[in-house]
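J.: Taken in sequence, the protein lines are chains A and B. Residue 1 is where the first sequence starts when you use the numbering used here, and the numbers rise one by one after that. Residue 775 is where the second sequence starts when you use the numbering used here, and the numbers rise one by one after that.
Derived from the structure by calculation, the hints contain no laboratory data. Heads up, a few of these hints could be off.
Said to hold, decoys possible - Derived coverage of chain A by chain B (criterion: at least 3 residues anywhere in the stretch with Cβ under 8 Å from a Cβ of chain B; other residues may be distant):
id : region
1  : 322-328
2  : 694-705
3  : 722-733
4  : 751-759
As the list claims (entries may be wrong) - Residues on chain B that point at chain A, a partial pick, calculated with CB under 10 Å:
id : residue
5  : Ser811
6  : Ala821
7  : Asn833
8  : Val858
9  : Ile861
10 : Gln864
11 : Gly881
12 : Val899
Stated by the list, open to error - Derived CB-CB ranges, DEER-like:
id : chain 1 : residue 1 : chain 2 : residue 2 : range
13 : A       : Ile115    : B       : Gln925    : 50 to 60 Å
14 : A       : Leu625    : B       : Val877    : 43 to 53 Å
15 : B       : Val877    : A       : Glu560    : 45 to 55 Å
16 : B       : Phe792    : A       : Ser555    : 25 to 35 Å
17 : A       : Pro621    : B       : Phe846    : 13 to 23 Å
18 : A       : Trp216    : B       : Gly863    : 42 to 52 Å
Keep in mind that this is a model prediction, so the values were computed, not measured. Note that the Cβ used here is the ideal one computed from N, Cα and C, for glycine as well.
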Amino acid sequence: MTWVNHPNPALAVLIAAVLAPIVTVIVGYWEPRRVSLVAIATTAVAFGASVWGAWRGDAGYSFHWIDTWGVRFEISLDGLAAMYAMLATGIGLLVVLYASGYMPLHRSHTGQRAIEDVRFYAFLLMFMAAMVGLVMSQDLILLFVFWDLTAIASFFLIGYDSDLEESRDAAMMALLVTGISAVGVLIGALLLWTEYRTFSLPLIFEAAAPDPTVTWAVALILFGALAKSAQFPLHFWLPRAMAAPTPVSAYLHSAAMVAAGVFLIGRIYPLVALDDRITNALIVIGGASMVVGGLVALTRDVLKQVLAYSTISQYGYVVVMFGIGGTYGVAGATFYVIAHALAKSALFMTAGAVTESTHSNTLSEVGGLWRREPLLAVGSAMASAGMMALPLTIGFFKDELFFASSDTRGGWMQVFAILGAALSFAYIGRFWKEIFLGPEKGDHAPVPGRLNVPILTLGLLVVAGGIWVEPFRDVAERAASVSFGAELPIELAYHLDTRAENLMALAVYVLGILIVVTEPWWRQALFTFVSIGERIGPARLYYLAVKAANNLSTSIHDFEVRDLRSRIATILIPAGVLVLLAVIVTPTDGTFIIGDVDKGDLPVILMVVAATVSGVVVTLPRDHLRLALTLSCVGYSLAVVYAFLGSPDVALVAVLIETIFAVVFIGMLVLIPGAILRYERTLRPARFRVGRDAVIATIAGSVAFFVVWSALSRPSASTTVIEEQSKLAPIAHGYDIVTVILADFRGFDTMGEITVVAIAFLGIISLMRVGRLR
Amino acid sequence: MTTELVRLVARILLMPTFMVAFGVMIKGYADVGDGFSAGVIAALGVALQIMAFGTKDLNRMAIVRLAPRGTFLGLFIALLTVFVPAIRGQALFTHWPPPGEEVIHFGTLELITAVAFDVGVFLVVFGFGVGVISSIARAQARLVSARERAQRLVDQGAKTGRAR
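Extracted from the complex, chain A is given alone in its bound form (with noise of 0.2 Å):
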C-alpha cells in the first residue's frame, strides 16, 4: 500500500475537506446533538491535513477526467492553495467552534428546531470542502465546477433562514449576481482553451503571450472574480447577505467566498499582467470600491453592515494592489488576504456576539460594553487593530505593503492609498469606539464563552502577527511566487526612520482620527451622498432587471396555462420563428427541388389530397365525436400513403396507432358529461381567436412544409444511410430493414421512448384510479 505510507498531501486535504460535512451529515441526522462537535472535529481534522500538506510542500494528484475534451482532475498543493487551504479550514474551525456557541441562540430567536443545525453545518462544510478544491485546482474545468459548488453553497447558506423573505431575496441576489457571473468564468476558460487547447493552467501560463483572445478571456474571468470579491459596482450583494446567521457572514465575508475572488486573480496572475489595460482595470475597480465601501461604511448604523461595507472596500485594495502588480503589488495583496481574514472574521463574530448579548443590532443602541464584556472588548481591539494597521499588528504589514506598493507607481497613487487606509482606519475605529466606548447602553447577557474563545484566538494571532510575522510571511511569500510566476521575497521589517511607509503610516493615523473626529460636520453630506447612490446605484438596477424577468416569465407562463390551444401555441410559434429564420439563413441553392411527377404517382397524389382534405375538414366539426373520427381519417390517409410510397411497416403502425387512438378517443369522450359536451358544441370562439389561429397555424404548418421540401430535395445523405444500414441488416441477422432499426442499430431511442411508454402508463393509471379523473 504505497498510498499509506507515502500519501499524497493534495489528495489528502482534498479528502480531509470533502469528508468534513459528510461525515457531519451522516452523523449529524443520527444524532443531532452531537453535531457540533462532529463538525468540528472533522474540520479540526481538514485543518491539520491543510498545515501538514503545506508543510509537506508541492504536491499534485491528476487523472484523466474528461478524456474527449482533455479536462484533467488535476489538482496542485501549491503555495497558493495551501495558503488558502489553510485560511479556509483554519477560520472554517474557529468559525464552527463559535458556531457551536450562536447556533442554539440564534434558533431560540427563529424557533428552529435542533435537527435543522445539521443543513446548517452541512452546507458551511460543503463550502469549505469546494473552496479547498477551488484552491487547488489547476484545470480551469475542475476550477470552474468547484467555484459554481460555492456559489450554490453560499445561496442556502445566505438564506438559511428561509422562512424570512429578507433571507430569501439575499440568497437569491446573491446567487445570481456570481452564478451569472461565474459564466464568464466558464466563457474565459474556454476561450483560453480555443487558443491554447488546453485547459490546464501551468501549461497555458508556458505558453501564455500577450493576445486579444486572451485578454478577452481573462476579462470575463475576472468578471466573475471580482463580481465574487462584491467589487463596485457589483457589491451590492454583499450587504444584503448580512441577513445569514452571523457565522455564516464571519466565514464567507472574511476567508472564503469574497476571499474566492482574489484568489482567483491571484491564480490567473501570470495571465492578467500580460495586458496593461485589464491591470489599469484592476486598479480603478478596486480604487472605486474601496472608496464607495469605505464611505458607505462610516454611515451605517447596523453593525454587520459596517462590516460588510468594509470588506468591499478592503477587498478593494487587494485588487487595486494586483492592478499596481510587480513584486510589491502581488506579495502585498497575498499578504492583505491574509491579514484581512483573521482580523475580519474576528469583527464579524464580536458583532455576532454584541447582538445576542445586547438584543440589539445598531452602533447607535449599543455602548459602553467593554466594562461588562473585557474579554470581548480585548479580542475584537487586537482585531481593530490589525484593521486599522496600527503596530505590533499584522495589519500594519499589511498597510506597509500596501504603502510600498503604491510607492511604485508614486504621486496620485500614494494619495489615494492614504485616503482609502485613514477612510478603513476611520469606519473601523468608529465600530469598536461606538461598541465598546461610551456611556453603558441597552440590556446585556453575558457573552457565552464559546463566542468569546473563537474572537480572542484570532485577536491574539492578528498580534502574533504583528510581534512575530515570519510564519505568515512566509506562507504569503509562497503564495505569492506561485501568482508572480517566480520567486518572491517579502521584506516585512518594522524600521524605525522617515521612510515614505511610515511617514504615510502615520498620515493615515492622523487622518483617519480626524475623520472620527469630525464626524457632526462630514456627515449630513455624506448621507446625502450616499441615499442617491442607492436610489440609483447598480441595486436598482439589478431589482428592475429581476422584475423585468419576472414579469416576462409571468406572462409567458399566463399565456401557456390558459388552455390546450395556447399550449401548443407557445410550442409551435417559438420553433416555427427559430426555424423559419434557420431556413432564412441557409442557402437556399438546390434545397428546394420541385421533382419530376409520372402517372405512376397518381395513387400517392390522390391520397395526399385526401389526406390534405380531411386535414382541413377536422378544423370544422363542432362536436367532439365527428372531431375524433375526421381526426383518425387524416391518419389513415396518411397510413395509405405510406403504402404506397412501400413502406409497409409504417403503414401498417398508421394504421394501428389510428385505431387504438380512436378507441381511447371516444372511450374518454363517454367519460365527459354529455351537459359540457352538448353544451361546448355551441360554443363558437371569438374572431380574433379565429384569426390569431390561424396565424399560428400558417406559420407552424408552412415552416414545417419548407423543412420537409428541402429534405426530401436533398436525397443524397438520407439514402447513403439507409443504404449503408440496408448493407448491414443481414449481418445483424435481420432481412426487415425497420425492425432492425429498431431493435439494433437505433435500440436506444427505442429503449427510451419505452421508458417513456411505461412512466406515461404510471401516470395514466393513478390518474384513473385514484387522481382526479376517478
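Fit chain B to the given chain A structure using the hints.
T.: Chain B alone, transformed into the frame defined by chain A:
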C-alpha cells in the same frame, strides 16, 4: 348493450388476433411488423372484447389483469438486453450472437437477443394498451352505475313524496 352478432364475432376473433400478433412479432426480424405493431394488434383484440362484453366480466379475464403488469416485465426484459452485455465487458446493447455467427432458426423466428428486446417492446405496448382501455372502461362503468344509483334515488324520492 351490444348485439348477439357483435359478441359472437368478438369472441371468434380473439384467438386469431393473438395469433396474428404473435406472428407479426416473431416474424418481425425477417418480415413486416415488429413488437410494437404486435402489441397494438393484441391490445386491439382485448379492446374489442371489452367493447363487446362490457366491464362486468372484465376482471375475470386473466389477460386484462396480467397485461398491465407485463408492461414492467417487458421494460425489465428490454433493460436486460441493454445491460447484460455490460456485465460481460461489452458495450451496452451489444446483441448476441455477434455478426457472422450461425443463428438458430425456427422457421422465420431467429433466436437472437434483438428479438428478446422486441418481445420486451411488445409487452410494454400491449400492457399499455390494455391498461389504458380497461381503465377507461372501468371509469365508464363507475359513471354508469353512479348515474343509475342517482336515478333510483330520484325515483324513490318521487314515490315517497307522492305517498305523502
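J.: Compare the structure with each hint and give your call.
T.: How the hints compare with the structure:
1. 322-328: Our answer is that it is violated, as 0 residues pass the Cβ test (under 8 Å) against chain B, missing three.
2. 694-705: The restraint on the region 694-705 of chain A is violated, since only 0 of its residues have a Cβ under 8 Å from chain B and three are required.
3. 722-733: holds (count 3)
4. 751-759: Since three or more residues must qualify, the claim that chain B covers the region 751-759 of chain A holds, with 5 doing so at under 8 Å.
5. Ser811: holds, 5 Å
6. Ala821: holds, 5 Å
7. Asn833: violated, 13 Å
8. Val858: violated, 13 Å
9. Ile861: violated, 17 Å
10. Gln864: Interface hint status for Gln864 (chain B): violated (14 Å vs cutoff 10 Å).
11. Gly881: The hint is violated - Gly881 (chain B) has no Cβ within 10 Å of chain A, the shortest such distance being about 13 Å.
12. Val899: Check passed: Cβ of Val899 (chain B) comes within 7 Å of chain A, closer than 10 Å.
13. A:Ile115 - B:Gln925: 50 to 60 Å: Because 56 Å falls inside the window, the suggested range holds.
14. A:Leu625 - B:Val877: 43 to 53 Å: holds, 49 Å
15. B:Val877 - A:Glu560: 45 to 55 Å: holds, 51 Å
16. B:Phe792 - A:Ser555: 25 to 35 Å: At roughly 53 Å between Cβ atoms, Ser555 (chain A) and Phe792 (chain B) fall outside 25 to 35 Å, so the hint is violated.
17. A:Pro621 - B:Phe846: 13 to 23 Å: violated, 39 Å
18. A:Trp216 - B:Gly863: 42 to 52 Å: holds, 46 Å
Taken one by one, the earlier hints fail for this structure at numbers 1, 2, 7, 8, 9, 10, 11, 16, 17, listed in ascending order.
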